[in-house]
Amino acid sequence: DQQVKQNSPSLSVQEGRISILNCDYTNSMFDYFLWYKKYPAEGPTFLISISSIKDKNEDGRFTVFLNKSAKHLSLHIVPSQPGDSAVYFCAVSNYGGATNKLIFGTGTLLAVQP
Amino acid sequence: NAGVMQNPRHLVRRRGQEARLRCSPMKGHSHVYWYRQLPEEGLKFMVYLQKENIIDESGMPKERFSAEFPKEGPSILRIQQVVRGDSAAYFCASSPGGSIVEQYFGPGTRLTVT
Numbered sequence: 001d002q003q004v005k006q007n008s009p010s011l012s013v014q015e016g017r018i019s020i021l022n023c024d025y026t027n028s029m030f031d032y033f034l035w036y037k038k039y040p041a042e043g044p045t046f047l048i049s050i051s052s053i054k055d056k057n058e059d060g061r062f063t064v065f066l067n068k069s070a071k072h073l074s075l076h077i078v079p080s081q082p083g084d085s086a087v088y089f090c091a092v093s094n095y096g097g098a099t100n101k102l103i104f105g106t107g108t109l110l111a112v113q114p
Numbered sequence: 001n002a003g004v005m006q007n008p009r010h011l012v013r014r015r016g017q018e019a020r021l022r023c024s025p026m027k028g029h030s031h032v033y034w035y036r037q038l039p040e041e042g043l044k045f046m047v048y049l050q051k052e053n054i055i056d057e058s059g060m061p062k063e064r065f066s067a068e069f070p071k072e073g074p075s076i077l078r079i080q081q082v083v084r085g086d087s088a089a090y091f092c093a094s095s096p097g098g099s100i101v102e103q104y105f106g107p108g109t110r111l112t113v114t
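Chains as they are written, first to last, in the working numbering: chain A, 1 to 114; chain B, 1 to 114.
The following block holds chain A by itself, in its conformation from the complex (with noise of 0.2 Å):
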């Protein structure tokens, strides 16, 4: 059973478009979620972060929006550069539970094209 989907296996922008990329997860006890770009032969890098008791996170080009009542996180590019193609995971964990790992969804593929 997952715990956390990303629906769309990739996505496909333009140079300067918006780039909006989703993840669901189904247990109400997750509370911290992050996001992960990564490219091919390299380790995932961190990106943005929320918790719970917030609704949106803003980090230069990019935001992270959180709909705790559709358990619904996406992550906002904009403007998005050719340099943004990769693999974005998203990925939640239970902060201040006994362990901080965390449970990663499958990934989208994100193409910008110039």
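Check the hints yourself; a few may be wrong.
Unchecked claim - In silico contact screen, one side only, chain A against chain B (beta carbon under 7 Å); selected entries:
#1 5
#2 42
#3 99
#4 106
#5 107
Stated by the list, open to error - Interface residues of chain B toward chain A, partial, derived using beta-carbon atoms under 8 Å:
#6 45
#7 95
#8 104
#9 108
If you're looking for bench data, these hints aren't it; they were derived computationally from the structure. Owing to the predicted nature of the structure, the values given are computational and were not obtained by experimental measurement. Backbone N, C-alpha and C define an ideal beta-carbon position, used for all residues, glycine too.
With chain A's structure known, arrange chain B on it following the hints.
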């Protein structure tokens, strides 16, 4: 300001051999996590360690896999009697612990079992 170091980057083993994967966390980080990424899948949590202690090994296969994080030296993930299904990318992440949830990943070790 070295990040998380993993070695080797690539490891080839024949079925039945042992594989040892090493991870040195970021300076100042005392929490280490191991994740595995099978082909076409997301990252799956394996084990969470602090110095000399295994905190959560709920993602570790019951047999052949073990992990340690000694007082001195890197964390080691050991796979005994490897099988073809162990072929994957193994990622180590570290965090400073406390209230910090974000984990920072190394470049990974790609294990190929022939």
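Here is how each hint holds up against the structure:
1. 5: 10 Å, violated
2. 42: Since the shortest Cβ distance to chain B is 6 Å, the answer is holds.
3. 99: Since the shortest Cβ distance to chain B is 4 Å, the answer is holds.
4. 106: Cβ of residue 106/A sits 4 Å from chain B, so the hint holds.
5. 107: 6 Å, holds
6. 45: Holds: closest Cβ of chain A sits about 4 Å from residue 45/B, inside 8 Å.
7. 95: 7 Å, holds
8. 104: Hint on residue 104/B: holds, closest Cβ of chain A at ~6 Å, below 8 Å.
9. 108: 5 Å, holds
Hint violations for this structure: number 1 only, all remaining hints satisfied.
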